[in-house]
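*Asks:* Using the hints, position chains F, Z and E against chain Y.
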Amino acid sequence: MKQRPSLDLSALPTFGHGPRSPTWWGTLGFMALEGMGFAIAAGAYLYLATLWPNWRLSAPQPNHWPGTIVTLLLIVSLVPNHILHGYAKRCAIGPVRIGMVVMSLLGVAPLVVRWFEFPALNIYWDTNAYGSMLWVLLGLHTTHLITDVGDTIVLTVLMFTRHGYSGRRFGDVGDNVFYWDFVVLTWIPIYLLIYWMPRLG
Amino acid sequence: MSSADLASERDLPPEREASVKGDIAPEHDGPRDTGMDDAGLHRWLTRTWRTPPGIIGALSSVDHKVIARRYLITAFVFLCLGGLNAVAMRIQLSGPQRGLIGPDLYNQLFTMHGVTMMFLFAVPIVQATGIYLVPLMVGTRNIAFPRLNAFSYWIYVSGGIFAWVSFALNMAPDVGWFAYVPLSGPEFAPGKRADVWAQMITYTEVSSLAVAVATIVTVFKQRAPGMSLDRIPLYVWAMLVTSFVVVFAMPAVMITSTFLILDRLVGTHIFNPAEGGDALLFQHLFWFFGHPEVYIIFLPATGMISAIIPVFARRPVFGHLGLVLSLIAVGFLSFGLWVHHMFATGLPKLGASFFTASSMMIAIPNGVQIFCWLATLWDGRPVIRTPLLFVFGFFFIFVIGGLTGVMLASVPLDLQVHDTYFVVAHFHYVLIGGSVFPLLGAAYFWFPKISGRMMSERLGRWHFWLAFIGFNAAFFPMHLVGLWGMPRRVYTYPAELGWGNINLFISAGAVVFFLSFVLFTFNLAHGALKGALAGDNPWDAGTLEWATSSPPPSYNFARIPIVTHGEPLWAEREALPVATGLRVDVRELLISTVAEAHPDIREKSATPSIWPLLAAIAVGGTFVYSIFTPWAVAWGAAPIAITLIGWFWPKGDPEDEE
Amino acid sequence: MTRVASMALATAGALLLQGCAGWQSALDPKGPAASELAWLIWFFTGLSALVWVLVMIALVVPLMMRSRAQAEPLAIDAGADGRKLRVVMTAVGLTALILVGLTLLSFFANRTLAAIGSDASLTIRVTGHQWWWEVRYEDATPSRILTTANEIHIPAGEPVRLLLTSTDVIHSFWIPSLSGKLDLIPGHMNVLDLKADKPGVYRGQCAEFCGAQHANMGTFIIAEPRAKFDAWWNDQLQPAAAPTADEAKAGEELFLKRPCVMCHRIGGTPAGGTVAPDLTHLASRQTLAAGTLTMSRGNLAAWIADPQGIKPGSHMPVVELSGDELNAVVAYLEGLK
Amino acid sequence: MRAAVAMLLFPILVLAACQREERDTRPQSALGSGEQPTPVTTLEPGGQRASASDNKAASFEANAFHMSEGKRLFGWFNCSGCHANGGGGMGPALMDEKWIYGSSMESIHATIRDGRPNGMPRFGDKIPDDQIWELAAFVRSLGGNAPSSAAPQRNDDMMVHPSENRLPDAATLGKSP
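Chains as they are written, first to last, in my numbering: chain Y, 120 to 320; chain F, 34 to 691; chain Z, 5 to 341; chain E, 14 to 190.
If we strip away everything but chain Y, and leave its shape as in the complex, we get (with noise of 0.2 Å):
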């Protein structure tokens, strides 16, 4: 088919930031379906919560405290968390890099803390439905927060190096602040099934 130009392209810029990149979108498209996920595991646990009158099926409550400190880290982490993606957006590197290493600190301590929250359950999964399911809900976002966190320190490392220097990286940087916002976001809801609804039965 023969061809007739009518556009030139040539001075569009080679990376965007938020909405105009696709990967940005990827990374929504994946938080829809994670999100999903997470949303059909604590409709899991609602069902059988309301299924069952007594729910806790007598099993001794939690102890929130370490859910609490993991909660009052993962917000607090949003303000650098943002202050690094304004950074990124003026794709300034010292900052940037900085930035990426206050993230990586602060993903790993919750990740700490988390360590503690299997045993403040107070029960194990194979005793009941209940047990199951809060080692299941915080099973789920551990797996979440352990691979977020393991892709911040790699993008962190990364940024040393001579490839941190690019439009790119700084894409992704925006990328991975993006994703953390959506870690702590679930973590909310999920907090609140696991440590405060046993609390109301």
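Rather than coming from a laboratory, the hints here were simulated on the basis of the structure.
Check before you lean on any hint, since a few could be wrong.
[What the hints assert, rightly or not] In silico DSBU-like cross-links for lysine-lysine, where the CA-CA straight-line distance does not exceed 35 Å: (1) 253(Z) with 232(Z); (2) 341(Z) with 139(E); (3) 208(Y) with 684(F); (4) 382(F) with 208(Y); (5) 341(Z) with 261(Z); (6) 637(F) with 684(F); (7) 202(Z) with 341(Z); (8) 111(E) with 139(E); (9) 139(E) with 253(Z); (10) 382(F) with 202(Z); (11) 111(E) with 261(Z); (12) 121(Y) with 382(F); (13) 121(Y) with 637(F); (14) 139(E) with 261(Z).
*Replies:* Chains F, Z and E in isolation, oriented as in the chain Y frame:
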């Protein structure tokens, strides 16, 4: 649309200014396609976009067409295997009290048939068609996230091999494709058979989800300039809606299968009613996925029909907007009717009636689609070629399936026909009529694009009539035998019930139907080797995939086309307006805005890489190992992490760095 | 044309080949619920057939028209499209109307079905097992509670209430000629009310896949006049008749000494197993092994000698018995009227 | 090298899977049913007596279906009446490391078939031989002796002990808090 107003709406992004300030490495520039002659452009683009030679090169390919071809062939192989399962079952059922196949093998056979057809054939093949066609139809050079796409294929094929090796080892799931607990649970399914089901589901869903995300982003961000929402071809719309349904439905089945394997492997009690769990929870979770699954298979087929009918009716499709809205409506409604698979479980009557109403409602958008297609055909005598024949077959069969679906939506009526051969007949009418017939039509329609050659029209007609007669002979009598009381999933039945003769008839029909696929295979091979050369646009169709050569070059389009109409090739008969200015020495493609498809960014597309294959091996190994011990997840984390880092770590290509 | 012919052939062929539908057929109703449902099935089928024929006519119309192949595809007659829009809108409106009608129809049918058992006089607890049915007749007097298996006697013309549950996997209770099906789910109790209009034997079988022997999990509803039913109940409450013939006596001894006693119960003997069907009045039943074999001396012997050949995977083990021993056990069981 | 490993691995996988997944329900009399007399004492020259029927023992022990059938029969035949759910009561515990008459399949089979002094009745007449083997395989799995890929899993029932495929792994975790 002229280049001037496109350019004026594009504002310079702040990033550019930052790069001027020297905060980021200055962009290397390379040769552009502007003003380049066709032969030179072809040489440059071929060198940049080709799949590297050699075995490693082939395994590293990220070309969406190469991946899609592999997907299509693999899915077709699984179709044949699933078909052989069906033939074996039909031979066993051809007479009462036949002793050819015992219950142990029979239960594995029908489970493998269902699992193969649903998870290894139907979903992958519709997604594979999308992987091939969507980038071509939206006028881009590769799918978004091409390495993820390659990874999906490897995951899918290893999941399929896993399932079928299990079958060869007498380890195939034998609990039905929806594997209800407690039958599939820890107490009643000894051994690893049910675990194979659970992990194989997780496997294939990972691959479907990744493809869905890639498809959505391709449609959102990689459309050719000017392809605003109202100019997106209906097939692409269908794939877009399907991908959204995948994104929201598949996590449910992954959660279900994960719950099941946790119950079986580490002793959780999620489905154990004695310790606070519930067996019906499994059904709710499964069908929350299971019903949309039907539409995941059906919606792409409607897209194919919307692509085929206008070409042979020689006019744009009637009611374009209505069809798009119907697609979206079906996508939404498909999430609201899962309970109609559970009417026989004794749910509260009022709730059940709500789901009757919602199940009936989904027939309305489907009706809109049917009527719009019919109206498109009313403009005059259409050109009857094999693809259109299969579309006619679709109307004939699918409308029956849809109407029996309305019957199943009625709570009281469903109590008589649920889990009988009536249901078997219904969903084969819906799935084969609604999806396989359009797929076969699509195969004849797009085969010239994929292979560069035409399939035989004469054999095609033979194939159609054989498939059509075989199908109806095999499945129509099943409605009756179901009403006469024959439940599904029985490996035999007593002679006194008088189902012998009709089952023999059904089995004969099934063999004819199977033979039609043998003929199809022959026609495919014959077409690929000896078919007449097709040329770019053998059907004189209007969408962008026909604007490039057949088969398309590795870079799809020498220059990115500009879209001025819903059927761009019909609107621009003299010369296709194209955009210039992309680099030819690196894999550069055009990113456009979501709604209006204004050109926005020249982005690099990923280069070939072996890492997706290695990552798939690591993930697959972890999945297989995890049916034996939960620690597999811990052990598998390291290789998965290593391969993923290897995948994403920049190798110094311009595509990675800029 | 071939399309229509093939369809007709398939349908006609199927109808001709059909031998004796009725024993287990939803289209041959013998009770109020099944009658209501059969009517509903025919109504839906008729309406669906009509809709389908209309769609097919609409599909065939363009084939009668003049070819438009040479015309420019984008040259569309706007007036014709406007007319089409009206046709399509009408068709969609009609579709919606039909669907609303059918929804209401099925809602009211559901109410009719729910009203059937409101005055049930008899409550029977049916428990699904892999792969047989435990049947327990509830009664206020404990001594009148009766446990049997696989065959459910009910008084004809009276509604009875079935309480359905399961102790292992999910089964589904379905007697097509009397009523729709309902699942037996561990941890849940479902209530199915049904009524047989006339005395007769109505076959059904498990309709939810439940493992290896799902295919051979039949059940019967035997509707009898009230007097006959009461007599049957009283008979069944009696302990098993003690054997008189020598061979049968030897059979009883073998039964109690060999593995049979581990699972089966026979009233009036020490055999008290509850994990397999109650055999107290085995010989009064019409079939063996949950509707798999008709009751006869030969089938009894075959079933005991090779249960795994007849129902592979069932929980009835192969017990090694000599020919004489087998004959003796069969003679004993045959006497359990 | 890699090819050799792969070639070795595959038959092993095949064999393991076939042994684990086979569902043979007819008696395997051809394999012999352990008809040798049962010793009344464990005092044997050279320790334990070699058994003649170990191929049958092995085929039952590695088989998931037979073990799960054994678990079902353990409940059906009310073994729990004396042994509780393996924890022991009137009869000895079956979940611990102690085996009074030896932990081999043959010994357990003999114990069930012929009974033992101090209360274990003989079931030789009452339970067909294959079912005894199934019970023996299950009883062995209670002590964590069966491969976890074939051992029965938890029941859809009240949790009385961790499922057999998590023994003794789960035992080391201690009791639920």
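*Asks:* Hint by hint, note whether the structure agrees.
*Replies:* These are the hints, each one checked on the structure:
1. At most 35 Å may separate the alpha-carbon atoms for a hinted pair to count; residue 253(Z) and residue 232(Z) meet this at roughly 30 Å.
2. Under the criterion of a C-alpha separation no larger than 35 Å, the hint pairing residue 341(Z) with residue 139(E) is consistent with the structure, at around 25 Å.
3. The straight-line distance between the Cα atoms of residue 208(Y) and residue 684(F) is roughly 24 Å, inside the 35 Å bound, and the hint therefore holds.
4. Pair hint residue 382(F) plus residue 208(Y) does not hold up; C-alpha atoms about 56 Å apart against a cutoff of 35 Å.
5. A C-alpha spacing of about 22 Å is found between residue 341(Z) and residue 261(Z), which places the hinted pair at or below 35 Å, so the restraint holds.
6. Taken as a hint, the residue 637(F) and residue 684(F) pair is honoured in the structure, with Cα atoms around 14 Å apart against an allowance of 35 Å.
7. For the hint linking residue 202(Z) to residue 341(Z), the alpha-carbon distance of about 25 Å falls within 35 Å, and the restraint holds.
8. This hinted pair checks out: residue 111(E) and residue 139(E) have alpha carbons roughly 27 Å apart, not beyond 35 Å.
9. A hinted pair counts as satisfied when its Cα atoms are at most 35 Å apart, and residue 139(E) with residue 253(Z) qualifies at roughly 19 Å.
10. Of the pairs offered as hints, the one joining residue 382(F) and residue 202(Z) holds, with about 29 Å between alpha carbons and a cut-off of 35 Å not exceeded.
11. For the hint linking residue 111(E) to residue 261(Z), the alpha-carbon distance of about 32 Å falls within 35 Å, and the restraint holds.
12. Of the pairs offered as hints, the one joining residue 121(Y) and residue 382(F) is violated, with about 64 Å between alpha carbons and a cut-off of 35 Å exceeded.
13. Distance restraint check for residue 121(Y) and residue 637(F): the Cα-Cα separation of roughly 26 Å lies within the 35 Å cut-off, and the hinted pair is therefore satisfied.
14. For the hint linking residue 139(E) to residue 261(Z), the alpha-carbon distance of about 7 Å falls within 35 Å, and the restraint holds.
Consistency with the previously given hints fails for numbers 4 and 12, ordered from lowest to highest.
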